[in-house]
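*Asks:* Quick mapping for you: the protein sequence lines, in order, are chains A and B.
The numbers in this note's numbering rise by one with no breaks, and the one at position 18 of the first sequence is 18.
The numbers in this note's numbering rise by one with no breaks, and the one at position 62 of the second sequence is 62.
Any given hint might turn out to be false.
[To be verified] To give a feel for the contact side, a few chain B residues facing chain A, derived at Cβ under 7 Å:
1) 27
2) 29
3) 30
4) 32
5) 67
6) 71
[As the list claims (entries may be wrong)] Here are the simulated SDA-like cross-link-like pairs (lysine to any residue), alpha carbons at most 25 Å apart as the crow flies:
7) B:39 with A:16
8) B:39 with A:148
9) B:39 with A:194
10) B:39 with A:182
11) B:94 with A:108
12) B:39 with A:191
13) B:94 with A:131
14) B:39 with A:128
15) B:94 with A:159
16) B:94 with B:61
17) B:94 with B:75
18) B:94 with A:107
19) B:39 with A:207
20) B:60 with B:100
21) B:39 with A:89
22) B:60 with B:91
23) B:94 with B:84
24) B:39 with B:95
25) B:94 with A:184
26) B:94 with B:81
27) B:39 with A:183
28) B:39 with A:87
29) B:94 with B:15
30) B:60 with A:148
31) B:94 with B:21
32) B:39 with A:106
33) B:39 with A:202
34) B:39 with A:184
35) B:60 with A:194
36) B:39 with A:203
I should point out that these hints are in silico values taken from the structure, not numbers from a laboratory.
All values reported here derive from a predicted model rather than from experimental measurement.
Glycine included, every Cβ here is placed at the ideal spot set by N, Cα and C.
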Amino acid sequence: VLDPSYRTLFASPGVPQWLDGDLRAASRSFALTRQLDPDDAASGIGLGSIAAEEGRWFEAEAYARDVLARDPDSIDAHRLLARVLAHQNRRVEAIEHYERSLLLALSGERPLDGLLTSAPGPDRLLDDAHARVHAELAGLYGRVGELRRAVTAYRMAMAGGCSNLALTLRLAACLWRQGHPAAAGRQLLAGARQLPSAVRLRLRRARRRRMRP
Amino acid sequence: VKEIDHLMDSTLTLASTLTVPEDVLYQELHGEGVLLNLKTGVYFGLDAVGRRMFELIQAKGTLQPVLDTMLAEYDVTQEQCVTDLLTLVTEMEKHGLVVRTPA
Numbered sequence: 001v002l003d004p005s006y007r008t009l010f011a012s013p014g015v016p017q018w019l020d021g022d023l024r025a026a027s028r029s030f031a032l033t034r035q036l037d038p039d040d041a042a043s044g045i046g047l048g049s050i051a052a053e054e055g056r057w058f059e060a061e062a063y064a065r066d067v068l069a070r071d072p073d074s075i076d077a078h079r080l081l082a083r084v085l086a087h088q089n090r091r092v093e094a095i096e097h098y099e100r101s102l103l104l105a106l107s108g109e110r111p112l113d114g115l116l117t118s119a120p121g122p123d124r125l126l127d128d129a130h131a132r133v134h135a136e137l138a139g140l141y142g143r144v145g146e147l148r149r150a151v152t153a154y155r156m157a158m159a160g161g162c163s164n165l166a167l168t169l170r171l172a173a174c175l176w177r178q179g180h181p182a183a184a185g186r187q188l189l190a191g192a193r194q195l196p197s198a199v200r201l202r203l204r205r206a207r208r209r210r211m212r213p
Numbered sequence: 001v002k003e004i005d006h007l008m009d010s011t012l013t014l015a016s017t018l019t020v021p022e023d024v025l026y027q028e029l030h031g032e033g034v035l036l037n038l039k040t041g042v043y044f045g046l047d048a049v050g051r052r053m054f055e056l057i058q059a060k061g062t063l064q065p066v067l068d069t070m071l072a073e074y075d076v077t078q079e080q081c082v083t084d085l086l087t088l089v090t091e092m093e094k095h096g097l098v099v100r101t102p103a
């Protein structure tokens, strides 16, 4: 008898289809996987994420909550739900779910697309999106007026490798609103230095979009 | 390194005064906390009790008032709280998240 505990994100063909941009096929595959195994978190997250991408926010929320009901420690479900709630301007709730996802990663849980490793070590964080979540939180803190926390979250995101022109400018704006014009100015200068690479990145993305069949 | 660690541990007392270096970021997260040392990249999680200890260290500097406040707020024996506080501070000091300042 084979051990059924070996699960990866690629248990259904939904993920590769999704990565290929074929959302309809991915939805069908995720739905089929979910029919066969309602506890399969990847298919629930997949269906919820596709629903979010297509603007079906209530459906996305339902999928995220369903996965959380089955697995309250699902980092991906907390993040999907936070994304949906942020879109619905339910910022305090969104903050709560993003924060919980970070704490889960710190306590050793890993997201579905985390590395498959047999010996992760006690001090290794297997959460590629950790810095990006700090950046999402920074934006939300800023919008609810928690500027000090926003600044810290931007700095944590950047230190974690999530650094781009938009984040630098948002950090500058937060520092300005906090009454730190010199620090805001330093960030604006840093932003000016990031401008050429940001333009290059935009051009590359535009070229890639044009080449897509 | 072990010798230095030992010396650091041996001199840490409740009279020790600590500060948080400028390049250490602290964020409260859903009742718990995280610390990031920008110089070393050390990312350190604190549970609710650890978070409270850290916030008190930030506010009060010296460990004795931190201990007094913890004893007033939590149902814990003094012995246990002293052990936990010194263990946490030793660990944080090892990672450069707090530094001892001369009294």
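*Asks:* Each hint should be assessed against the structure and marked as holding or not.
*Replies:* Verification of the supplied hints:
Interface restraint check for residue 27 (chain B): the shortest CB-CB distance to chain A comes to about 5 Å, inside 7 Å, so the restraint holds. At a threshold of 7 Å, the smallest CB-CB gap from residue 29 (chain B) to chain A is about 4 Å, leaving the interface hint in force. With 7 Å as the threshold, the beta carbon of residue 30 (chain B) comes within range of chain A, its nearest partner Cβ sitting at about 4 Å, so the hint holds. Hint status for residue 32 (chain B) relative to chain A: holds, with the closest Cβ pair at about 6 Å, below 7 Å.
Against a cut-off of 7 Å between C-beta atoms, the interface hint on residue 67 (chain B) is violated, since the closest Cβ of chain A lies about 26 Å away. Below 7 Å, beta-carbon pairs count as interface contacts, and residue 71 (chain B) has none with chain A, the closest being about 27 Å; its hint is therefore violated. Pair hint residue 39 (chain B) plus residue 16 (chain A) does not hold up; C-alpha atoms about 39 Å apart against a cutoff of 25 Å. Taking the CA atoms of residue 39 (chain B) and residue 148 (chain A), the gap is about 21 Å. The hint holds against a cut of 25 Å.
Annotation: proposed proximity of residue 39 (chain B) to residue 194 (chain A) holds, straight-line Cα distance about 22 Å (limit 25 Å). Note on residue 39 (chain B) and residue 182 (chain A): the hinted pairing holds, with a Cα-Cα distance of about 22 Å set against a maximum of 25 Å. With a CA separation close to 22 Å, the supplied pair residue 94 (chain B) and residue 108 (chain A) stays within the 25 Å bound. About 21 Å separates the Cα atoms of residue 39 (chain B) and residue 191 (chain A), which keeps this hinted pair within 25 Å; it holds.
For the suggested pair residue 94 (chain B) and residue 131 (chain A), the alpha carbons sit about 24 Å apart, so the restraint of at most 25 Å is met. Under the criterion of a C-alpha separation no larger than 25 Å, the hint pairing residue 39 (chain B) with residue 128 (chain A) is consistent with the structure, at around 21 Å. For the suggested pair residue 94 (chain B) and residue 159 (chain A), the alpha carbons sit about 20 Å apart, so the restraint of at most 25 Å is met. Taking the CA atoms of residue 94 (chain B) and residue 61 (chain B), the gap is near 17 Å; set against the 25 Å cutoff, the hint holds.
The hinted pair formed by residue 94 (chain B) and residue 75 (chain B) fails the criterion: a straight-line CA distance of about 28 Å is larger than 25 Å. Straight-line distance between C-alpha atoms of residue 94 (chain B) and residue 107 (chain A) comes to about 21 Å, which keeps the hinted pair within the 25 Å bound. For a cut-off of 25 Å, the pair hint linking residue 39 (chain B) to residue 207 (chain A) is broken: about 38 Å separates their Cα positions. Distance restraint check for residue 60 (chain B) and residue 100 (chain B): the Cα-Cα separation of roughly 13 Å lies within the 25 Å cut-off, and the hinted pair is therefore satisfied.
Of the pairs offered as hints, the one joining residue 39 (chain B) and residue 89 (chain A) is violated, with about 36 Å between alpha carbons and a cut-off of 25 Å exceeded. In summary, the hint linking residue 60 (chain B) to residue 91 (chain B) is supported, as the alpha carbons are separated by about 19 Å, within the 25 Å threshold. Proposed proximity of residue 94 (chain B) and residue 84 (chain B) is supported: the alpha carbons are some 15 Å apart, at most 25 Å. Between residue 39 (chain B) and residue 95 (chain B) the alpha-carbon distance is near 10 Å, which keeps this suggested pair within the 25 Å criterion.
Between residue 94 (chain B) and residue 184 (chain A) the CA atoms are separated by roughly 32 Å; this puts the pair beyond 25 Å, and the hint is violated. For the hint pairing residue 94 (chain B) with residue 81 (chain B), the CA-to-CA distance comes to about 20 Å; that is within 25 Å, so the pair holds. This hinted pair checks out: residue 39 (chain B) and residue 183 (chain A) have alpha carbons roughly 19 Å apart, not beyond 25 Å. For the proposed pair residue 39 (chain B) and residue 87 (chain A), the alpha carbon gap of about 35 Å is over 25 Å, so the pair is violated.
Taken as a hint, the residue 94 (chain B) and residue 15 (chain B) pair is honoured in the structure, with Cα atoms around 19 Å apart against an allowance of 25 Å. In summary, the hint linking residue 60 (chain B) to residue 148 (chain A) is supported, as the alpha carbons are separated by about 20 Å, within the 25 Å threshold. Restraint check for residue 94 (chain B) and residue 21 (chain B): satisfied, since their Cα atoms lie roughly 13 Å apart, inside the 25 Å limit. A threshold of 25 Å between alpha carbons decides the hint, and for residue 39 (chain B) with residue 106 (chain A) the separation of about 20 Å falls inside it, so the pair holds.
As the CA atoms of residue 39 (chain B) and residue 202 (chain A) are separated by approximately 31 Å, the hinted pair breaks the 25 Å bound. Using a Cα cut-off of 25 Å, the hinted pair residue 39 (chain B) and residue 184 (chain A) holds, with the two alpha carbons roughly 21 Å apart. Annotation: proposed proximity of residue 60 (chain B) to residue 194 (chain A) is violated, straight-line Cα distance about 40 Å (limit 25 Å). For the suggested pair residue 39 (chain B) and residue 203 (chain A), the alpha carbons sit about 34 Å apart, so the restraint of at most 25 Å is broken.
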